[in-house]
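Novice: Okay, here's what each chain looks like letter by letter:
Number of protein chains: 4
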Amino acid sequence: MAQQERKNRILDGYIPHDECGVFGVYSNGGLHAASVCRDGLYALQHRGQESCGIAVSDMGVIDGRKGMGLVGEVFREIPADLDGQIAISHVRYSTAGKSVVENAQPLIMRYLKGRFAVAHNGNLVNAEEIREELAQGGAMFHTTIDSEVIAHLIARERVKAPNIEQAVIHTMHRLRGAYSLLVMSPTKLIAARDPLGFRPLVLGRLGDSWIVASETCALDTIGAEFIRDIEPGEVVRIDAHGVQSFRDNCTGKRRICIFEYIYFARPDSVLDGVEAHASRVMAGRLLARQYPVEADVVIGVPDSGLDAALGLSRESGIPFEMGFVRNNYVGRTFIKPNQSERKKSVNIKLNALAQSVAGKRVIMVDDSIVRGTTSANIVYALKQAGAREVHVRISSPTIHNPCYFGTDIPTREELTSNHHTVDELCKLIGADSLGFLKAESLGELIGEGGAPEKTFCDACFTGDYPIACKG
Amino acid sequence: MAQQERKNRILDGYIPHDECGVFGVYSNGGLHAASVCRDGLYALQHRGQESCGIAVSDMGVIDGRKGMGLVGEVFREIPADLDGQIAISHVRYSTAGKSVVENAQPLIMRYLKGRFAVAHNGNLVNAEEIREELAQGGAMFHTTIDSEVIAHLIARERVKAPNIEQAVIHTMHRLRGAYSLLVMSPTKLIAARDPLGFRPLVLGRLGDSWIVASETCALDTIGAEFIRDIEPGEVVRIDAHGVQSFRDNCTGKRRICIFEYIYFARPDSVLDGVEAHASRVMAGRLLARQYPVEADVVIGVPDSGLDAALGLSRESGIPFEMGFVRNNYVGRTFIKPNQSERKKSVNIKLNALAQSVAGKRVIMVDDSIVRGTTSANIVYALKQAGAREVHVRISSPTIHNPCYFGTDIPTREELTSNHHTVDELCKLIGADSLGFLKAESLGELIGEGGAPEKTFCDACFTGDYPIACKG
Amino acid sequence: MAQQERKNRILDGYIPHDECGVFGVYSNGGLHAASVCRDGLYALQHRGQESCGIAVSDMGVIDGRKGMGLVGEVFREIPADLDGQIAISHVRYSTAGKSVVENAQPLIMRYLKGRFAVAHNGNLVNAEEIREELAQGGAMFHTTIDSEVIAHLIARERVKAPNIEQAVIHTMHRLRGAYSLLVMSPTKLIAARDPLGFRPLVLGRLGDSWIVASETCALDTIGAEFIRDIEPGEVVRIDAHGVQSFRDNCTGKRRICIFEYIYFARPDSVLDGVEAHASRVMAGRLLARQYPVEADVVIGVPDSGLDAALGLSRESGIPFEMGFVRNNYVGRTFIKPNQSERKKSVNIKLNALAQSVAGKRVIMVDDSIVRGTTSANIVYALKQAGAREVHVRISSPTIHNPCYFGTDIPTREELTSNHHTVDELCKLIGADSLGFLKAESLGELIGEGGAPEKTFCDACFTGDYPIACKG
Amino acid sequence: MAQQERKNRILDGYIPHDECGVFGVYSNGGLHAASVCRDGLYALQHRGQESCGIAVSDMGVIDGRKGMGLVGEVFREIPADLDGQIAISHVRYSTAGKSVVENAQPLIMRYLKGRFAVAHNGNLVNAEEIREELAQGGAMFHTTIDSEVIAHLIARERVKAPNIEQAVIHTMHRLRGAYSLLVMSPTKLIAARDPLGFRPLVLGRLGDSWIVASETCALDTIGAEFIRDIEPGEVVRIDAHGVQSFRDNCTGKRRICIFEYIYFARPDSVLDGVEAHASRVMAGRLLARQYPVEADVVIGVPDSGLDAALGLSRESGIPFEMGFVRNNYVGRTFIKPNQSERKKSVNIKLNALAQSVAGKRVIMVDDSIVRGTTSANIVYALKQAGAREVHVRISSPTIHNPCYFGTDIPTREELTSNHHTVDELCKLIGADSLGFLKAESLGELIGEGGAPEKTFCDACFTGDYPIACKG
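Protein chains in written order, with our numbering: chain A, 577 to 1047; chain B, 577 to 1047; chain C, 577 to 1047; chain D, 577 to 1047.
Bound conformation, chain A alone (with noise of 0.2 Å):
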C-alpha cells in the first residue's frame, strides 16, 4: 500500500520542483526565431537537460515541437512547420515527477481567444492548492506540471482582463512561488518575473528583434545586446508596438535565489548585475580568509570549483593548479536521475592529474556538499595519487533545508549536514580540514556587504523562507 501510495504521489506530481531554462525571441526583419531559440537553448543547456521544445507564431498561427534529450538531439533539424515570427522555448530537468514528453515545454494551449503558448522557470510554493481549486470548478490536467496550473489561470483571467498582459498580471496575484515566465499570444511575447525575482530573466536585442532569457549567456552566444534584467514582480509585453512594461506587480524587493551565483549560472552570465564567475572568485578569497591552512597547491573540482579554487589561490598565495582532468563526454554529477548512477559516473567522468598533487599539500575546492559520497570519492582519489594532504573548501555553506523555489535539494533527512557536524563529515570524506563558506558572508558573493535588507534567498542553508512555505 506505501508502494502504492508513492506511485501516486510521483504520478500525481506533487513535487515538480525543477530547475529549467527559458528563451524568447520577438523578431522584427529577418530572423528565424526557430533557429534564434535553437541557439540560445545550447546556451542554457545547464538549466535543464532532460527535455527541450520551441513553439512559434507563424503569421499568428501556433505551433510547436518538444522532445525529450539535449537540444542537439532533439532540434538536430528545425522543421519547416516552426517557421515563424514569434518563438518562445524552453530546456527542462525534472527531479521528481515522470520525465515523459507531455511534461516538457513550452505548453499550447486551446482557449476561448485561440491559441497560447507557456514556458517558465521556477517552482509554485502554492500550485497544488490552486489545482485543486480549479479542479473544484471542473478543471482538468494532462500534466503534473506548474506551468499547466499557470496556463490555466492566465486562461480564465483572460475572458474578463482586456488583453492578455493583463491576464498576466492578474494571474501573477494568485502565484506564490518562483518564476521567469513566458507566455506568447499570436501576436505577442509577454515575459514575467515574480515579485521576488527568484529566478533570473533578462532582455536583449539583436538588430531590430527582442531577446528574453534565463541568463546573458545566452545574449552573448546569438549576439545580442544585452539591454537590462526584468526587475522582480515586472511584466514585459513585446508586440508591433515596441517593448512595454507594467510595473503593478513590483514592490522594490528581490531575494534572488543565491545558488544561482554558486551553481546554477554559467560563470559567464550577469545576473541582477553581478557576473556568477566573480562571485565564485570572491567564495573563494572568502574561504582563504575563513579557513587559512599552510598547502602547497590548490585545485577546483571541474569546472564550478574552478572558479573558488582561483579566488582561494590570490588571496593565500597558494599556487593554482590543475587537480582533476574531466571526462567531457558524460553528463554533469548533480544533475543525474538517482543514485548509483551518480556514483559510477564519478570515476568515469574526474580523474585526477597524479604530478600535479602527488606529495603534496592539497587545498580542494567545490561548490557544494549535497550527498558524500561524490566528495569522499574524490578524496580517496586525490589521496591514491599521492597526495600528502587534502584540505576541503566548499564555496557555499552547509544546506539544511529543502527549496520550494525550483532548486532540486533532497529532503531534510537525506542532507548530509542535517546528520553530521562539519568534523564529522570531514572524517567521512577522509579530508584533513574541511570548510564551509560561512552563511553570514553570503551577502559578499553579490557585493552587498552591509545592506540594510536581505536581497537574496538563502534559505536552503540559514531556514529564511521569504515566503511562508509548508514543510
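These are calculated hints, taken from the structure and not from any lab test.
Hints are not guaranteed to be accurate.
Since the list can't tell identical chains apart, any single copy or any two copies may satisfy a pair.
Below 20 Å or equal to it, Euclidean Cα-Cα: the simulated EDC-like pairs (lysine to aspartate or glutamate) are [as the list claims (entries may be wrong)]:
hint, residue 1, residue 2
1, K689, E704
2, K1014, D659
3, K1014, D815
4, K736, E709
5, K1030, E708
6, K689, E801
7, K689, E705
8, K959, D824
With chain A fixed as given, assemble chains B, C and D onto it according to the hints.
Specialist: Only chains B, C and D this time, still in chain A's reference frame:
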C-alpha cells in the same frame, strides 16, 4: 491570408472526422490487461493505422502509453509500467487535423477525483459548440479531438454526480453525434454507445474477465465469448460488483452506419446481429439482379470487393475468378494521406491475373467509387491484361453527401458523383458498363427489407441525416 | 560444450538456406535506377522480408545501401547517394545464420579491378567446400552468406578472364546448386541462372531500359514488358552495347523448384511459361479427382490456399466460400523466426467466418503442412465456428526431405510426415479426412503430363535430388 | 570527370588518415570484458567520436557489435551476445573516407583457422601498395580501412606460422607506418606497437585480469594498475599462460608523435613516462621565455590551452585567469566534419568572461592554429569583451607538412602557415602579437633537452619524416 485561415482551420481541428476502434478489458483473475488489449487492437487495426494507445489502471493508479504507427510497432514490447487489471485502448485513423501523438488516444486526464482515461470512436456534431461553451467557462484544450471535449464534460458532471457512471450518463445529454465510448476510472470500466448507435460496440467475456470492443472479430481473436451488443444509448459499468447496465438514454431507435457493413467492419464481425460478410454477399446478389449482364467471369477488387463478387457470381451463375493479386506489404488504398500517394500505390498494390481475364468479358466488383482515379486505373489494368469487356459493379450507392459521424468522406465538391452522371462516370473510368447498388435496397443488406422504420444511417447516399447537421 | 558447438555452427553459418528475390535495372535514358528497384522490390517482398538493399553504379562509381526490415521501411526515402544508371537489388529471408545487416545483400566488394556488387537468390551445395578452399589460399570472409563465396570466385577468375562476364561464366563451373545471380560492374549488369534453373529469373524492358527480376510480377508492377525467361545456365550481359547472351553453361536441362509454383511465387507471376495461379488452380482440380468427398462448401486458407480451393470447387461443383478473414497487418505464418511466434500469430492472423461454415461440411484447402500445429489450430477454429465436418486437402505432396537449394524446410527429424502416416496426421490435426496432392501428379501443375524427362525439382517430396547432396 | 575522380578517391579511401583509440581486456575471473571495455572507451572517447565497437570471445566464440556515435549512445546497454572473457574495442574518428558503420572497428573476420578480430590506431604508409598486391592475388575488400589490410596479411601469414602471435610478428615486417594494434583470436589477446612507437599503447592489470589501452587514463578510469608501456616494435600475447612478450621487431628506436603530448592525449595520461599535462605546462613556460611581453592576465583557450596558460603564468608571474566559458554540450572544434560547422560552433561553444579581460592586456594561449578562422573569431570575441591587447601564444610550432601516420592535418595547400608569415598571420587573426613554440625546443616538452637521437616525430612541423613517405 486564405492560406493562413486554412492553416488555422487545420490546426484548430474543426473537421476531425475520424474512424477509430476501441477495446477494453476488466480483468478478474490473472489476465494481463494491456497484453489482451494489444491482441484485441491487432484485430481492430483495420479501423485505424495512424496511432494507437493503451491506458491501464494498476491497483487504482492510472498510466498509459501512446504512439504513432501500427499496434505491432508501438507495442512491440508491452512496457512494465502497463501492468494493471483494467485497460482501455484505441486505434486511430485521422483524415484531418494533425497527425501528432498528442491527438492519439486514450487521453489520461487529472481532475478533482483523481485520474481517468477516455477513448472513443465516432464524431460529435456539436463538439465545436461545446468546446466554445467550455472555453467561455475558462476551459482549455491541449488537443483537437472530440475525446477531450467529452472528458471535460464528464469532469464537470462528476462534480455534481455521485459517481462516474452517472457523470457519463449526464454527459450524454449534451453530446450529439456518433460515439462508442470507453471511460476508465481507477476502479471501473464504463462503456457507452450513442443513442442512435452509429458505431458498433460489443460486450464479451474471457473466463471471468469482461471485454468491450468495437467489433466481434476482436473477441474472436483473443478467444473471448460474444455476450451481446451494447445497445444504442446504453451505458455499461463494469467493476468489482460485475456488469451493470444503465438504459436511461436508450430510446429504442437505432441508426447504425451502413458503411460499417459495406466497408469498415471486418467481414467476420457480426454487428447488431448481421455478419458483415453476409451483407456484402447480399450486396453482390442485389447487383446481379439490378444490373444483369452477359459475362464470362466475376472478379472482385481485393479485399473488400471479394465478398460481393462471390454473391454476384452465385446469383448470376457466372464463374467467380481471382482477378487480381494484392500486395499485402502495402497499406489500404482508401486509407492513405494524400491523392498522389493513392495513385502510385494502386500499381504497386494490385496486379491483374492475366490468364484469368485475357479474352474474357469480366464483371469487376468493388465496394465504392469515392474518387474516380483508382477505378480508372484498375479497369485500365484489366484491359491491358487482355479483358475483352469490363463491367463494373459497385456494392454501394453513389455518395453525394458528407458524413458528420466519423466516416472520412470528401467534401461535396470533391465527390465524383456530384459532378457526373453514372454514364459519364462509366466513360471516365473506361468501363463497358457501370452499376451502383440502388440506395433503396440498402435495407436488404441487413435483412431489413420492409421495416417500418429505418434502422441504419445512409445519409452519405441519401442525405437523410438522423440528426440535424450543418453543412 | 554442445551448446558452444551449436553456437559455432550458427555463427559460422554452414546452413544458410534462404529464399530471396533479386531485381536489376540497366537504364538507358532518364530512369532513376534505384527508385525503379524499390518499386520492383515491393513486388518481390513476398520472397524475403528480413532485409533488403540496393547497389547502384553512378557514372562508374558503385555505392549502396542496405538495411534490416521491409522495403517500405528501409527505403522510405531513396538517399541521394543512390543516384545512378545501373542498379541491382535484393530482398532476403534467412532461416539460419544471424539476422544482421552484414548478411544483407547486395554485397559491394573492392578487388583488383575496382568495385563490383553481387546479389543472388538460391543456395549452393558446395559453398562450404569452396569457402575452405579459398581460406586455404588466405581468403577471408566477413559474412556467412553464399554471395561472398561467389564474389571471391568471380574476383579470382577476373584476374585471368578478359572481362567480368567471362569471369562469371568460369565461376559457374565451380558452383553447384541453385542460384539466380546478379552482378554489377561499374558499367555492366550481368545476370546468370544456374544450369538447372532452380530459381526463376526473367528479362524485361521498360522503354529503352532493361530489367532483370526474380518474377514477372515485378515487371508488371513497374509497367515493364516481359521479354523472356533467362534460360538455365545462361549468362546475360547488359551494357552500352545492349543485351548479349552467353549460353556456354546451358545444357538443355531444367529443374525449376516445384515449390515456386505451389507456394513461393506470387500467383500472378509466370515462371518458365506457366502462371503460378493456374498451376495452383490445377492442384485444386487434381485434389478433387484424387480425394472426392461429399461436402457443402470449399474454402481456402488465405492467401495461398485460395487458388487451389477455387480449382477444387470448379472441378467438384461444390460452392466456393470465404472461410476465413486474414489480418493483413500481421506477417506470413510460414516465414516467421521461431515456433512460438508461429503459434501465437495464427490466432491473431486468421479468423473463421462463422456463417460461412456453421452447420456445414467443409472442404478446407491449404498449400502445405510443414509442421502440424498450424493446421490443427485452423481445423479447431472451423469446428469452433460450427463446421460439421472438416475435410482437409493439401495442394502439395507430403514433405520428407530437406532442401539444399534455398527453400527453408526443417530437418528430416522435424518434418511431421516422417513421423506419422497420413491417417495419423489426419487425427492429429482433428480433420475428418485428409488428402495430399499425389507426388506423381506434380508434373500436371506445369502442364508436363507425360514429359520424357522431369523438368522440375521435387526432391523435398520424392528425394530425387537433381544434384548429389550430402545429408 | 574531376568530380568523379574525387568521388572515386573518397570511396576508395586512399587517404584514411585517422586518429583512434583501442582498449582490450583479458579477464581471469569474474570481469565482464565488454562492460570493462565500455568504461575504458569512455576514457578514450577524446580519441574518436564517430563510431565505436566491441568484439568479444565467449568460450572461444567471437562476436561483436559496432555502431555510429558516442560510446554512451552505441553501448547504452551491453547486449547479451557480448558476454565473454576476452574483448577488444575501438573508438574511431575519420577525416576522410565514408562515415559508415562498415568502416567501424573492430573488424571480425573468418579465415582458415576460424574467426579473429582486429582493431588498430594509426595509419600505414604502404597500405595502398599492400592492398594492390593482395588484390593481385585475388583478395577482396569490404572496407576502406587499414585494419582490413592488416587482417588480410595476418590471415596469410597464419597459414605458414605456428600460431597467431607469430603471424602478427611476421605481418609487421610488411607494415610501414604507425599502428597500435590489438588482435583477438578465440583464446588470445595480442597487442602490438609499430617499431617506432608512433602511437601510445600501455599494459595494465585489474585484479588478475590484463588490460591494454591507448592511454593510461583508461586504466585509471577502470581502477586498473599501470604496468608499463608496450615498447615500440613489441608484440605482447596474453592467454591462459599469462603475459608473454616478443621483441623480435624492437630496434631500440622510438619516435612517438609529439602531437600526442601537445593535443591528442588526455592531460592525465602518461605516455612513455611523460605526463601530457606536464609537457603542456612546460610548453607554456617555454613560450614565456621565447616571447616575453608585458600583460595583465594570462588565459587559455579551453580545454587544451589551459595547461600551457598555467605554465606561461607561472614562468612569467602574470596572473592566470579564466578567460572563457566553454559549453560542454557541444563537441570539440578540432574534430568536426567540415569548415562551415567549425565556424558556427565556435560562437556557441566559447564565450569570453568579460570581467576577466575588460580593460586588460591579455595573453591568450592556444594549442595550435591549424586554420586561421577559429583563432580570429576568438581574438575578436576577446576584443568585443573589452580586452585592451591580445597577445596570442601557441603551444606548438607552425605546421607545414602533412602527417602520414594518422593525424588529421590538412594538405600543404590548406595549411595557413604555408601561405603566411607569422607576422601576416598575426594581422589576419587580429592579435597584437603572436608567438609559436619554437620547433627546436620541442624536445624539452618530454624532458629530452639534449638527447643524442630524436625520440619523437615532429614531421608536421619540421618535415623530418622518420619513414620515407610519398607526397
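Novice: Would you mind marking each hint as holding or not holding in the structure?
Specialist: Hint check:
| no. | hint | verdict |
| --- | --- | --- |
| 1 | K689 x E704 | between (26 Å within a copy, 14 Å between copies) |
| 2 | K1014 x D659 | neither (50 Å within a copy, 50 Å between copies) |
| 3 | K1014 x D815 | neither (46 Å within a copy, 58 Å between copies) |
| 4 | K736 x E709 | both (18 Å within a copy, 15 Å between copies) |
| 5 | K1030 x E708 | neither (34 Å within a copy, 48 Å between copies) |
| 6 | K689 x E801 | neither (34 Å within a copy, 49 Å between copies) |
| 7 | K689 x E705 | between (26 Å within a copy, 14 Å between copies) |
| 8 | K959 x D824 | neither (57 Å within a copy, 40 Å between copies) |
Hint check: violations occur at hints 2, 3, 5, 6, 8; the rest are consistent with the structure.
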